[in-house]
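Produce the complete structure using the sequences and hints provided.
Each chain, letter by letter, is given below.
2 protein chains.
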Amino acid sequence: MIKIGLEDLDDIALGATFLGTGGGGDPYIATLMTRRAIAEHGPVTMLDLNEVADDALVFACGNMGAPTVAIEKIMAAEQPPSAVLALEKHLGRPADLLMAFEAGGSNSMMPIYNAAMLGKPMVDADGMGRAFPEMQMVTFSVYGASGSPFALASEHGETVILNIEDDKRAEYIGRGIVIRMGARAAKASYPMDGNTAKRVAIPGTTSLCQAIGANLRQSRAQNREPFAALIQMLSGTHYGHAEVLFTGKVTDLSRETRDGWAIGWVMIADQDGETLEIEFQNEFLAARQGHRLRAIVPDLICILDTEMAQPITTERLRYGQRVTVMAVSAPPIMRTDEALAVFGPAGFGMDEEFVPVEDLS
Amino acid sequence: MIKIGLEDLDDIALGATFLGTGGGGDPYIATLMTRRAIAEHGPVTMLDLNEVADDALVFACGNMGAPTVAIEKIMAAEQPPSAVLALEKHLGRPADLLMAFEAGGSNSMMPIYNAAMLGKPMVDADGMGRAFPEMQMVTFSVYGASGSPFALASEHGETVILNIEDDKRAEYIGRGIVIRMGARAAKASYPMDGNTAKRVAIPGTTSLCQAIGANLRQSRAQNREPFAALIQMLSGTHYGHAEVLFTGKVTDLSRETRDGWAIGWVMIADQDGETLEIEFQNEFLAARQGHRLRAIVPDLICILDTEMAQPITTERLRYGQRVTVMAVSAPPIMRTDEALAVFGPAGFGMDEEFVPVEDLS
Chain A
-2 MIKIGLEDLD DIALGATFLG TGGGGDPYIA TLMTRRAIAE HGPVTMLDLN
48 EVADDALVFA CGNMGAPTVA IEKIMAAEQP PSAVLALEKH LGRPADLLMA
98 FEAGGSNSMM PIYNAAMLGK PMVDADGMGR AFPEMQMVTF SVYGASGSPF
148 ALASEHGETV ILNIEDDKRA EYIGRGIVIR MGARAAKASY PMDGNTAKRV
198 AIPGTTSLCQ AIGANLRQSR AQNREPFAAL IQMLSGTHYG HAEVLFTGKV
248 TDLSRETRDG WAIGWVMIAD QDGETLEIEF QNEFLAARQG HRLRAIVPDL
298 ICILDTEMAQ PITTERLRYG QRVTVMAVSA PPIMRTDEAL AVFGPAGFGM
348 DEEFVPVEDL S
Chain B
-2 MIKIGLEDLD DIALGATFLG TGGGGDPYIA TLMTRRAIAE HGPVTMLDLN
48 EVADDALVFA CGNMGAPTVA IEKIMAAEQP PSAVLALEKH LGRPADLLMA
98 FEAGGSNSMM PIYNAAMLGK PMVDADGMGR AFPEMQMVTF SVYGASGSPF
148 ALASEHGETV ILNIEDDKRA EYIGRGIVIR MGARAAKASY PMDGNTAKRV
198 AIPGTTSLCQ AIGANLRQSR AQNREPFAAL IQMLSGTHYG HAEVLFTGKV
248 TDLSRETRDG WAIGWVMIAD QDGETLEIEF QNEFLAARQG HRLRAIVPDL
298 ICILDTEMAQ PITTERLRYG QRVTVMAVSA PPIMRTDEAL AVFGPAGFGM
348 DEEFVPVEDL S
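Chains A and B, in that order, are what the protein sequence lines are. First residue of the first sequence: -2, per this note's numbering; consecutive thereafter. First residue of the second sequence: -2, per this note's numbering; consecutive thereafter.
Treat the hints as calculated values from the structure; they're not laboratory data. Glycine is no exception: its CB is placed at the ideal position from the N, C-alpha and C atoms. Some hints here could point you the wrong way.
[Stated by the list, open to error] For lysine-lysine, the following DSSO-like pairs were computed, each having C-alpha atoms within a straight-line distance of at most 30 angstroms:
no., chain 1, residue 1, chain 2, residue 2
1, B, K195, B, K117
2, B, K70, A, K70
3, A, K86, B, K165
4, B, K165, B, K195
5, B, K70, B, K117
6, B, K86, A, K86
7, A, K0, A, K86
8, A, K165, A, K86
9, B, K86, A, K117
10, A, K165, B, K195
11, B, K165, A, K165
12, B, K117, A, K86
13, B, K86, A, K165
14, A, K86, A, K195
15, B, K70, B, K195
16, A, K86, A, K70
17, B, K165, B, K86
18, A, K117, A, K195
[Stated by the list, open to error] To give an idea of the interface, some chain B residues facing chain A are shown, with a C-beta separation under 10 angstroms as derived from the structure:
no., residue
19, R90
20, P146
21, L159
22, M178
[Stated by the list, open to error] Part of the chain B face toward chain A, derived, beta carbon under 8 angstroms:
no., residue
23, K0
24, H87
25, L88
26, T156
27, I158
28, Y169
29, G173
30, I176
31, R177
See below:
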């Protein structure tokens, strides 16, 4: 059990942007909101996954929508808690603990924010171990926890409770609601007991965000080469392998908001005329150097600016940026056959088989 | 208090198609479902609105979607009750009575169907007194009852509960869900007590359907001119004025399914070269003879085939049909300033002022 205070937020946000693999939304605004919530209500208690009581009621919370919209349309302060409260009211029972469903991107902050606002503890775990564009792309669904009932809340205090057995259908119908809520809604979902959480969640991902953020911050402070230090740090986690895939300049970019997602690709070229093309649907999905696959989902592809090692989200990509592309192996719980069926290449309509990034290097 | 048995359904369906003013969906399939439900579970008890206990819990139920889809995609037998049950579960209290929100079209049958399936009585009243394309176009909303919480159910047993304060926003977000449920969902909505129902509902509309249907049936059986008999019958109700606007042949028709609605217009010409153009959004909204307005929403515009006086829904309009167009004045509760603001011409984006059909004739 640890406390998350004001001094921890910047590291968590920085690490979450890295784990966001281009998506999950820039945590900047969510961090500002969380800073205010902790300043007002005090630090948040965070339990290790193995400290959770078997019969505790856990909600996975965060936002649902297009990251391109999230930086234009700010959440209402009461919006994220109102999703949690709506689900509690529907179930007739308060949640004991909050958890991220997505440790990557702005959704890293939402359980901290909600925990501060509602005076609840949270769990150091999530369902994606990174960011993914669709609701059902979580280990929770893969290992048999149901997304339903779940609540969506708009900035107008409007709430919707969904009971949809199939989590991919829940994503489809939920996305329709989110679009009509202006492409941004707060969500409280996957109500589960502690026993289930210990079986289906990826442990330690909020503290991993913090460790990644602290590592990058220290590199800046000490003026050391950041990528080697980060690779070294990640090798000691359940993620394991990390490497630099490519270094170059953004030379082309296609990005559109379609069906509530940010969809497109970015081309990066180096001085030798080599190019790396990365396609994305909210998150970076696959990196190809010519015809050679360099990394593919669910392994993590991260674009950082070369000078400051600042992770760059898809909506902040710009022509001319000098970037370093890193790849990180996903933890084993995300690479089983069941997991790959949901958020491996097939989950994104790609024909290719998943190949671990360490086998491609 | 009366009983609705198998022998009543055809008359109710026929009258409901008339009150549907082209929309609300063809009641054919809903009548077949209701016939089976009554055959299995027995007749349905229907109370007059003034017989309802002040503290009784009343749900307004029906379907939401595009009538063009309703005749292609049949409801699942459990789908309409599952919306009622989901709302009961959410409220933690069973409904005492069911009511139509829309007496016109297929939604006339849904409270009867649900009442038979769930063993509940129903109320002889609704919120539209006809059919309208949008959820908030009900006297319930006009006179201060809230649509929320309300439940939508798909044919897969999926349910969604919405809590949206503004009923027009509820329509917008609910429609988004209905579209993703395949443009057809069952709905249970406007939970209200009996006291409220007596204030906000239009009384006697289910029995009015039956009376209209019986009148048309008797005209056929007696081989009498049907339109004069119907006009005579309606003059004794709170609707009052009715008239024949036009008689001719369908010469042009434009119809598309857009945003979940059937939208378009139909042109009818007579032998003298006069034409009547009627525009529709699920229901017939306005009838114009050249530049002269003949009738406008919320007054009822009904197209019937000239020979059999069978009301024709928008999705069954065909080139060459010989039709008689009738207009009926809406009851006073639907013509107040508050009511016209919601489902008068302005509610459909039309610039024209409402003029009572009896003043236009």
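Of the hints given before, which are not true for this structure?
2, 10, 15, 19, 23 and 25
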